[in-house]
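Chain B: place on chain A using the hints.
Chains A and B, in that order, give the protein sequences.
According to the numbering used here, the stretch in the first sequence is residues 1 to 241, in order.
According to the numbering used here, the stretch in the second sequence is residues 1001 to 1113, in order.
Take these hints with a grain of salt, some might be off.
[Unchecked claim] Listed next, the in silico EDC-like pairs over lysine to aspartate or glutamate satisfying Cα-Cα at most 16 Å (straight line):
| # | chain 1 | residue 1 | chain 2 | residue 2 |
| --- | --- | --- | --- | --- |
| 1 | B | 1009 | A | 67 |
| 2 | B | 1009 | A | 37 |
| 3 | A | 161 | A | 44 |
| 4 | A | 161 | A | 37 |
| 5 | B | 1009 | A | 44 |
Bear in mind the hints are in silico, worked out from the structure with no lab data behind them.
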Amino acid sequence: MPPARVNSTFWAGVRTSAPFILVIVPFALLFGVVATEAGLTIFDTLAFSLAVIAGAAQFTALQLMQEHAPTIIVLISALAVNLRLAMYSAALTPHFGAAPLWIRALAAYTIVDQSFACATTAFDENPHWTMRQKLAFYFGTCTPLLPLFIGAVLVGGLIGKQIPPEFALDFAVPITFLAIIAPMLRTVAHLAAALVAVVLALTLAWVPFDLGLLIAGMGGMIAGARVEAQAETRIRREMAQ
Amino acid sequence: MTADPAIDKLTLWIVILGLGLGSYLLRFLFLGVIGNRTIPLWILRHLRYTAVAVIPALVAPMILWPAATGEQTDPARLAAAAATLAAGLLTRNVLVAILTGAAVLYTLLYALG
Chain A
1 MPPARVNSTF WAGVRTSAPF ILVIVPFALL FGVVATEAGL TIFDTLAFSL
51 AVIAGAAQFT ALQLMQEHAP TIIVLISALA VNLRLAMYSA ALTPHFGAAP
101 LWIRALAAYT IVDQSFACAT TAFDENPHWT MRQKLAFYFG TCTPLLPLFI
151 GAVLVGGLIG KQIPPEFALD FAVPITFLAI IAPMLRTVAH LAAALVAVVL
201 ALTLAWVPFD LGLLIAGMGG MIAGARVEAQ AETRIRREMA Q
Chain B
1001 MTADPAIDKL TLWIVILGLG LGSYLLRFLF LGVIGNRTIP LWILRHLRYT
1051 AVAVIPALVA PMILWPAATG EQTDPARLAA AAATLAAGLL TRNVLVAILT
1101 GAAVLYTLLY ALG
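Next comes chain B alone, as it looks inside the complex:
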């Protein structure tokens, strides 16, 4: 990318304060405000899938078009992502998945020069 990679200080602090406050309100929402009232089923049903929807949507373009390789698909990074996913699905262990992905990435980056 040709754009200046530095993050603007003002933007950073708006995000730190906004995200900090917003995250706290999400954590406090039911515990503090709703108390013992019940929550509609359809809301809970959608909340359950936020992480598994938003995170893959964020990650998919980073894997296919990495900024570090000028947005060209990179076999080493693609294989590392596949290995991480497979290890995570098989072992259900976050740490094992990270280590597997890192091992594949470094091996292929070294092997492919």
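Bound-form chain A, shown alone:
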């Protein structure tokens, strides 16, 4: 394969991911600010972000640690938020499955919402791409996103302590979460999952050790999966008629 073509798909990946910089940078800035406000050092905050690179799970863990939830609940809840990464990994497997282990290991580390979204869209539109072109595109999308994510966390951490309490930064976390979730509520199944989870979380708020959150999360997942399965059966029945 001519190296020029691999090179151009790499740059196509960089260009495709560029608009997502506008989402990643404010989000990472905010994590830096909120984490240092919660008493983490700059080093803690950067280590946290480098180890996890998943803003939503980082915010979840931070929030629960501030509420002094038991460590195991913090871990389970934040990992539950990250379960979608396993789904992304599954979806990328047919494309990268034949690559050497160290490349797959590196690709796994760089799976984030945005790199996954860019890559799967591009792979659907370019079915003729070779695996090397797909990998080049994928790593192209990660090239601006990951360094900017870490850089913005650092900047947020450095300016965090200077923001006065009148700015109600406590509410930055719920607003950011709502903003992430709202566009994901595309189907009735997604709506059902969210609604069931919210009702359970509010009615089970009294359950000790924040176990209500886990029950609510699982209840929401089951509701979403049920509604999806029912919708599929209905479509199949209508098509059979």
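This is chain B only, laid out in the frame that chain A set:
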């Protein structure tokens, strides 16, 4: 809240390392371990709804009973949350939703004193 708000260092590092390792394993699970074998449909079906279930469950009590107001429901915060959700549903744009929520929050916090 009267409890000490500081996060214990040991807890923090257990969470950083545990969450880092766990998240990596989730990312590596299929790509590295499962390879080209197929994944049962019912597992994928549940995985699809993890984020839309867990995150709203986490956020709902934070919106209704904010720690910053002594767990008293606050009209400004409630309105900001509603505006964020509405903007996110209408525009499907994360950034627009955040900015809308922040604008409503600051306007109402200022107006209601």
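So, going through the hints one by one against the coordinates:
{"no.": "1", "hint": "B:1009 <-> A:67", "result": "15 Å, holds"}
{"no.": "2", "hint": "B:1009 <-> A:37", "result": "15 Å, holds"}
{"no.": "3", "hint": "A:161 <-> A:44", "result": "15 Å, holds"}
{"no.": "4", "hint": "A:161 <-> A:37", "result": "6 Å, holds"}
{"no.": "5", "hint": "B:1009 <-> A:44", "result": "9 Å, holds"}
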